[in-house]
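Q: Protein chains in written order, with this note's numbering: chain A, 576 to 1051; chain B, -5 to 131.
Some hints could be false.
Stated by the list, open to error - Think about it this way: if two alpha-carbon atoms lie no more than 20 Å apart in a straight line, the pair counts; the simulated PhoX-like pairs of lysine-lysine are: (1) Lys1029(A) / Lys894(A); (2) Lys894(A) / Lys668(A); (3) Lys1049(A) / Lys878(A); (4) Lys18(B) / Lys894(A); (5) Lys845(A) / Lys668(A); (6) Lys18(B) / Lys878(A); (7) Lys878(A) / Lys1029(A); (8) Lys18(B) / Lys1043(A); (9) Lys845(A) / Lys894(A).
Hints are computed from structural coordinates only; laboratory data are not their basis.
Note that the structure is a prediction, hence the values are computed from the model and not measured.
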Amino acid sequence: MTALQHAFSLPLSTWRSAVYLVAIVGFVLALKGLSFPRHARRGNLLGAAAALLAVGMTFSAGTVSHSARNLALAFGAMALGSVVAVPTARLVKMTAMPQMVAMFNGVGGGAAALISVTELLHGHGIGVSPATYVIVEAMLGVLIGCVSFAGSAISFAKLQELMPTRPIVYPAQQPINAAVGAGILALFVTSVVTGSVAYVFGVLGLSLVLGVVFTLPIGGADVPVLISLLNAFTGLAVAASGFTLGNPLLIVAGTLVGASGMLLTRLMSKAMGRSLPNILFSAFGAVVTATGTAEGLDGKVVKTSTPDDIAVLLAYARKVAIVPGYGLAVAQAQHVVKELADELMTRGVEVFYAIHPVAGRMPGHMNVLLAEANVPYDELKEMDEANPELPTTDVALVVGANDTVNPAAVDSPGSPIYGMPIVHADQAQHIVFLKRSMRPGFAGIDNALLFDDKTVLLFGDAKDTLQKLVSSVKAV
Amino acid sequence: MTGIVWYLTIFVLAAFVGYEVISKVPSILHTPLMSGSNAIHGIVLVGALFILGEAAGPAQLVLGFVAVFLATLNIVGGFVVTDRMLEMFHAKPERAPSPAPSTVAPAVESPAVPAKGHAPAAEESAPQAPGAESRGP
């Protein structure tokens, strides 16, 4: 028998495992590609191709396709899922990307939890008494998957501003969280000891509660880090359901995401100058002091100006730093801000963008937006590169940023954002804020820089204001 | 019982690979990477398909159906959203080597200004602009 003939005589399940191995390699290469700007898009497409291959090959399994009814249901569910997911993902505004990721992550966690529950019930139904490790794996899948599902739902609601973005604190918060955790542990242990699978519903319910109470006290500005953590959780839940099903593809893909997601979460919190436990458990809320009025704590009043005056200031400056924030994203003002920058550059003004790593609602949010407007790469300066330039900058034009330029992060140890690295707009000769209102930033705290003597404010939608500035600069 | 040890071996090795593979990711790619890995765990769809295939009785059928639906949302939505984010990066690597616009003479810059913004532009740069253009190609 030749090697080729031998290969064709292998059972289909071996072929399937081999295709799954190819998909696994594809996923590893996809993650690697996503870590480099040049290969990121190709990496993502490679991941999608690997996923398509693996899903397609799955239908070769007798257990998947033996029942015409179940197969029809599977295709129906997949068609329904695609019909919902593609337009949602295609049409969502760039500003709403973070909550989109949260949602797609949460449903993945939910799916993993359902798989673990159903597999446990299935084994129960056909009279197999599950081994201890099977119960442990399934319970872990349910626990982590449900925490991810409920936590992502709360994150979605916070980012979508369906609920207050500020940390939600209530009396006896810690004891309540501890009680929920203890309840889950008790059900878990009881289930393992008695070998009864019925407790899984209790674990499911309490895990959903845990996901909610775990997420509520986390402040809006930290939600991106939370989403990254929940993303890693979903990966682990998927790995757990891979254990339950005995499927190495799910184990590897889930674990890859779990491990890389944990690392990414740490990198993100490092970019914010905070430790992960600090983000998760500091319960922010206690020290929040936001008045949201035009009057500062010591009775100072903000100075406002007109586009014409600011245009003169900008046009005769030598060096201008543009500090973009979430307001830029909301107003979709990335094209107008580039127009203003180009206009200033034709007049010989040196212009650069000072990009805080967590400006906007996600790390890298501003880079994505400004890349969309074709702002050249070398005009974008990361915070560490921009800060040494700011003392010699004439005008810092803060477009819809707030917390990322708040000097409280440097000089008031009591502030919830104390210790976060900021863009030092305060060191520029003049600071111009384009703001919608006096509403505080996402962290929900006042910004003393707004009341600084060097600061003037231009109220209004960032896009309108920038448009006015462009025409005023042209008229100067 | 050897099965579980075998799976644990895979799990531990995959954890190391996952940790090592993204060790040096620039902060601008944090979001796309998070979104891309979010899509990868959408492969839970494979597990959901096995569950639905074996499902017997209404309860399991419903649970399996919902699991396949949710997993499809995750995997399809995840890859599409990531692709949309990365769509905006593609022009960059070619742009990077071009001379720094902030330091060169302003006149060279003016052809790059959008046409509508150019018309009423400062007079002194207008006559130089065509010259810069003719030198360009």
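Q: For every hint, state whether the structure bears it out.
A: Here is how each hint holds up against the structure:
1. Lys1029(A) / Lys894(A): 16 Å, holds
2. Lys894(A) / Lys668(A): 32 Å, violated
3. Lys1049(A) / Lys878(A): Distance of about 24 Å is beyond 20 Å: violated.
4. Lys18(B) / Lys894(A): 33 Å, violated
5. Lys845(A) / Lys668(A): 28 Å, violated
6. Lys18(B) / Lys878(A): Not OK: Lys18(B) and Lys878(A) at ~44 Å, beyond 20 Å, violated.
7. Lys878(A) / Lys1029(A): 9 Å, holds
8. Lys18(B) / Lys1043(A): 42 Å, violated
9. Lys845(A) / Lys894(A): 30 Å, violated
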